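Asks: This is what each chain is made of:
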Amino acid sequence: MKTYAEINEKIKNGKAVVLTAEEVSELSKTLSPKEIAEKVDVVTTATFGAMCSSGAFLNFGHATPPIRMEKIELNGVRVSGGLAAVDTYVGATDCNPASPAYGGAHIIEDLVNGKKITLEAWGKGTDCYPRKHIKAVIGKDDINEAILYNPRNCYQNYNVATNTTDQIKYTYMGTLLPKMRNAAYSSAGELSPLLNDPECRTIGLGTHIFLCGTDGYVSWNGTQFHTTKPVNEFGIPTSNARTIAVIGDLKKMSSDFLRGAYIEKYGITLYVGIGIPIPILDEDLARRVSIRNEQIETTVIDYGNGNRVLGKTNYAALQSGSIEIDGHKIRTAPLSSLAKAREIAGILKAWIEKGDFLLSEPVRPMPTGTSLKGLTALDD
Amino acid sequence: MIQKVVLSFPVDATDRSLTYDLVKQYDIRINILKAEIQAGKSGNLLVELEAEPQKLDEGIAYLIANGVTVSPVSSKVSYDEKWCIHCGNCVSACFSHALTIGAPDWKLHFNPDKCIACKLCLKSCPLKLFRIEFAES
Numbered sequence: 005m006k007t008y009a010e011i012n013e014k015i016k017n018g019k020a021v022v023l024t025a026e027e028v029s030e031l032s033k034t035l036s037p038k039e040i041a042e043k044v045d046v047v048t049t050a051t052f053g054a055m056c057s058s059g060a061f062l063n064f065g066h067a068t069p070p071i072r073m074e075k076i077e078l079n080g081v082r083v084s085g086g087l088a089a090v091d092t093y094v095g096a097t098d099c100n101p102a103s104p105a106y107g108g109a110h111i112i113e114d115l116v117n118g119k120k121i122t123l124e125a126w127g128k129g130t131d132c133y134p135r136k137h138i139k140a141v142i143g144k145d146d147i148n149e150a151i152l153y154n155p156r157n158c159y160q161n162y163n164v165a166t167n168t169t170d171q172i173k174y175t176y177m178g179t180l181l182p183k184m185r186n187a188a189y190s191s192a193g194e195l196s197p198l199l200n201d202p203e204c205r206t207i208g209l210g211t212h213i214f215l216c217g218t219d220g221y222v223s224w225n226g227t228q229f230h231t232t233k234p235v236n237e238f239g240i241p242t243s244n245a246r247t248i249a250v251i252g253d254l255k256k257m258s259s260d261f262l263r264g265a266y267i268e269k270y271g272i273t274l275y276v277g278i279g280i281p282i283p284i285l286d287e288d289l290a291r292r293v294s295i296r297n298e299q300i301e302t303t304v305i306d307y308g309n310g311n312r313v314l315g316k317t318n319y320a321a322l323q324s325g326s327i328e329i330d331g332h333k334i335r336t337a338p339l340s341s342l343a344k345a346r347e348i349a350g351i352l353k354a355w356i357e358k359g360d361f362l363l364s365e366p367v368r369p370m371p372t373g374t375s376l377k378g379l380t381a382l383d384d
Numbered sequence: 069m070i071q072k073v074v075l076s077f078p079v080d081a082t083d084r085s086l087t088y089d090l091v092k093q094y095d096i097r098i099n100i101l102k103a104e105i106q107a108g109k110s111g112n113l114l115v116e117l118e119a120e121p122q123k124l125d126e127g128i129a130y131l132i133a134n135g136v137t138v139s140p141v142s143s144k145v146s147y148d149e150k151w152c153i154h155c156g157n158c159v160s161a162c163f164s165h166a167l168t169i170g171a172p173d174w175k176l177h178f179n180p181d182k183c184i185a186c187k188l189c190l191k192s193c194p195l196k197l198f199r200i201e202f203a204e205s
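Chains A and B, in that order, give the protein sequences. Counting in my numbering, the first sequence runs from 5 upward without gaps. Counting in my numbering, the second sequence runs from 69 upward without gaps.
Read the hints as simulated data drawn from the structure, not as lab findings. If you're wondering where the values come from, they're calculated on a predicted model, not measured in any experiment. The reader is advised that the hints may include incorrect statements.
[Unchecked claim] Listed below are the simulated DSS-like cross-link pairs for lysine-lysine, each with C-alpha atoms no more than 27 Å apart in a straight line:
#1 A:Lys-6 - A:Lys-43
#2 B:Lys-182 - A:Lys-333
#3 B:Lys-196 - A:Lys-119
#4 B:Lys-102 - A:Lys-183
#5 B:Lys-123 - A:Lys-173
Input sequences plus hints: build the corresponding full structure.
Replies: Encoded structure:
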């Protein structure tokens with residue numbers, strides 16, 4: 005048994021033993037969980053994928069005379085006017101329908117890259133905020149705060165998408181060719197954060213993380229947090245389950261790990277890079293981080309035909325380049341970048357080894373016993 | 069011998085049966101992979117030409133003599149590697165297997181010999197990093 009304080013002391017002294025989740029999975033072929041718990045202090049996990057439920061809070065500062073911004077556009081894209089006088093939330097998927105390939109995610113990336121953005125805002129004019137219209141050019145150094153706040157990131161596992169129809173389907177899981185000629189998956193497998201701590205024993209409110217090139221924090225359980233999905237014999241939910249909300253300083257982020265993207269005939273999304281360190285407090289956590297791709301199962305869904313379940317597969321098969329469903333061999337390709345996830349896990353490992361990054365014990369654990377509600381329309 | 073090439077037809081060549089001549093005079097088997105051609109206008113054909121090497125050379129020389137530009141597909145397809153995040157979206161759509169990603173490095177690899185210029189990578193790349201001159205010329 006180790007404590008957070010003991011591990012942080014080792015990190016400060018440059019004596020912590022840190023491995024990436026892929027390295028520890030390899031090590032688990034020769035060492036038992038007990039031996040790994042004795043030898044290893046921290047395991048770094050990471051993912052770099054499209055995470056639509058992302059966005060940034062901005063505070064523009066006040067002009068003279070001031071304006072209460074009620075309708076706001078950034079580079080012609082309408083963003084939230086529902087936050088006080090000069091605050092907004094730029095949602096990653098915000099867009100101008102007239103030019104749908106550029107939107108909130110690209111504005112966020114442009115800000116990170118130091119590019120200037122045209123701000124235009126309107127207000128009705130009040131006694132305390134008399135101005136009714138303003139046009140200005142802003143950059144990240146001109147505004148007060150720019151805070152990335154993503155309500156749902158880092159999904160714990162995700163379905164595999166294929167298409168049994170005879171038409172191409174353009175989905176958020178990418179271009180799905182007819183007659184199951186491809187299948188798309190979106191997880192870093194054994195490197196993915198929430199698959200290495202599947203019950204969130206160490207990931208909770210206040211967990212210190214790598215977020216898009218700088219450090220950030222887990223701020224809450226993510227939306228659609230689902231803890232009661234079926235799990236396999238290794239304790240892994242076999243479809244999308246838990247999520248996390250994350251927060252960090254956008255001004256310090258890098259577009260190496262944050263990219264605006266446009267998915268054909270679907271819309272805009274933000275590629276987000278997240279790295280989470282798992283402290284190896286005991287043998288149980290050592291066993292969890294030793295999880296291997298062949299032990300992580302997920303569900304294959306027909307996105308062309310009402311999200312019908314076609315079967316199960318695992319990440320070793322997915323990463324081999326093909327899976328077999330009902331006797332059909334289907335070519336596979338990822339949507340999230342394993343190359344980038346590895347880079348992030350490596351950077352986080354280096355930060356911890358150098359003593360630049362300490363672990364934080366959650367101030368509140370994640371909820372348990374949660375499931376999802378649907379939505380009933382009035383005319384259903 | 070098989071060669072995959074883009075044939076760019078000038079305006080005055082699109083109303084002549086040059087591809088028919090390739091079959092009749094030079095015994096070249098033609099597999100048309102993509103066509104963007106209209107009579108009276110310039111156009112492009114992406115084709116696989118299969119024949120004895122000498123016949124193939126003679127056939128291509130015949131096309132060139134008739135004002136057709138013959139260029140390999142590899143010179144026509146490109147993507148901006150510097151900005152690629154190796155996500156794999158293009159690989160998923162690439163049914164000719166020209167674009168691949170996998171162990172050990174999980175970075176995007178492009179084999180121009182397998183490309184049939186179907187343009188699905190242009191649509192499927194979420195960062196819009198692909199360019200195909202064939203489609204634009």
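Asks: Sort out whether Lys-333 (chain A) lies within 27 Å of Lys-182 (chain B), counting only the CA atoms.
Replies: 21 Å, holds
Asks: Do the alpha carbons of Lys-196 (chain B) and Lys-119 (chain A) lie within 27 Å of each other, as the hint requires?
Replies: 19 Å, holds
Asks: Lys-6 (chain A) and Lys-43 (chain A) were given as a pair; does the straight-line alpha-carbon distance stay at or below 27 Å?
Replies: Within the cut-off at roughly 11 Å; holds.
Asks: Between Lys-102 (chain B) and Lys-183 (chain A), is the straight-line Cα distance small enough, at 27 Å or below?
Replies: Status holds; Cα separation ~21 Å.
Asks: Taking 27 Å as the top limit, are the C-alpha atoms of Lys-123 (chain B) and Lys-173 (chain A) close enough?
Replies: Between Lys-123 (chain B) and Lys-173 (chain A) the Cα gap is close to 42 Å, so the pair fails against 27 Å, i.e. violated.
Checked against the numbered hints listed earlier, the structure breaks hint 5 alone; every other hint is satisfied.
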